[in-house]
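A.B. asks: Generate coordinates for the entire structure from the input sequences, incorporating the hints supplied.
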Amino acid sequence: MPVFLKNETVLITGGSSGIGEEFAYQLAEKGLNLIIVGRNSERLEKVYKNTKRINEKISVEIINFDLSQDIDLFIDTIKFFDIDHLINNAGFGLYGKFVNGNINLYNKMISVNIKALTLLSYFYSKKFIEKNKGGIINVASVAGFFPIPHFVVYGSTKSYVYNFSMSLWAELRKFNVHIMCLAPGKTKTRFFERANMKNNQKLMSVKDVVYGAIKAYEKNKPLYIPGISNKLTYHLIRRIFSDKFVAKLLEKTF
732 MPVFLKNETV
742 LITGGSSGIG
752 EEFAYQLAEK
762 GLNLIIVGRN
772 SERLEKVYKN
782 TKRINEKISV
792 EIINFDLSQD
802 IDLFIDTIKF
812 FDIDHLINNA
822 GFGLYGKFVN
832 GNINLYNKMI
842 SVNIKALTLL
852 SYFYSKKFIE
862 KNKGGIINVA
872 SVAGFFPIPH
882 FVVYGSTKSY
892 VYNFSMSLWA
902 ELRKFNVHIM
912 CLAPGKTKTR
922 FFERANMKNN
932 QKLMSVKDVV
942 YGAIKAYEKN
952 KPLYIPGISN
962 KLTYHLIRRI
972 FSDKFVAKLL
982 EKTF
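Be aware that the sequence shown starts at 732, since it is given in my numbering, and climbs by one per residue.
Take every hint as true, because none was put in to throw you off.
Mimicking PhoX-like on lysine-lysine, the simulated pairs with C-alpha atoms at most 20 Å apart in a straight line are:
id	residue 1	residue 2
1	K864	K952
2	K905	K858
3	K761	K938
4	K737	K761
5	K933	K962
6	K952	K905
7	K946	K864
8	K810	K862
9	K938	K777
10	K962	K917
11	K946	K761
12	K737	K864
13	K810	K857
14	K810	K846
15	K862	K905
16	K962	K946
17	K761	K780
18	K946	K737
19	K846	K857
20	K788	K737
21	K975	K828
22	K828	K839
23	K761	K788
24	K777	K788
Just so you know, these hints were derived from the structure itself, not from any lab.
C.D. replies: Encoded structure:
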């Protein structure tokens, strides 16, 4: 059963804000060493200082890198670190009609949300199998459970993350390597700002999302969906209604 043990090392992508940042803080409290990756150097410095303030005894490394760029170069940079857990949190979305979107941003989204996550999972899965221990948390979204118009590319990338993670979990469990898919709903992060999307609905606390995710991971769960309404979305809507019905409904209301 995977447990975040004191003095183990965790690699967190997308660690300069939101869910990734909160993972850094809560794992620092548990005494884990951190390697935090992000694109914003100022925010990374802030996270570094905050984690050291939480626990001055842990080792914290920050890496300023854009995972939409040369992911092979990034892996070459970090390959000598002894990692015990990987948290693939880096990702972003864009809201709007598909044909009105920027193709370069779509390409970048696919590179971060799918390619970087897949290649990092591949590299560390092999490492963890060799050690006969370790684990990966891949951050998906409830948006990946069904077709969502106006979130065409983002929702599709998160559908990939969900199916990829559940499939990999089934393959690696016999090697004592645990894979968990974290699929949050609307959470208090910078996501909506980056996605150019207004939001008037109640948002989940990022602290609650991460706290629940850590507990679920340590209980060996392959999928964690924070929040009752999000769980109902997964268990009821996607099982009762057809994808065609959901897509047509959301095109009008979302």
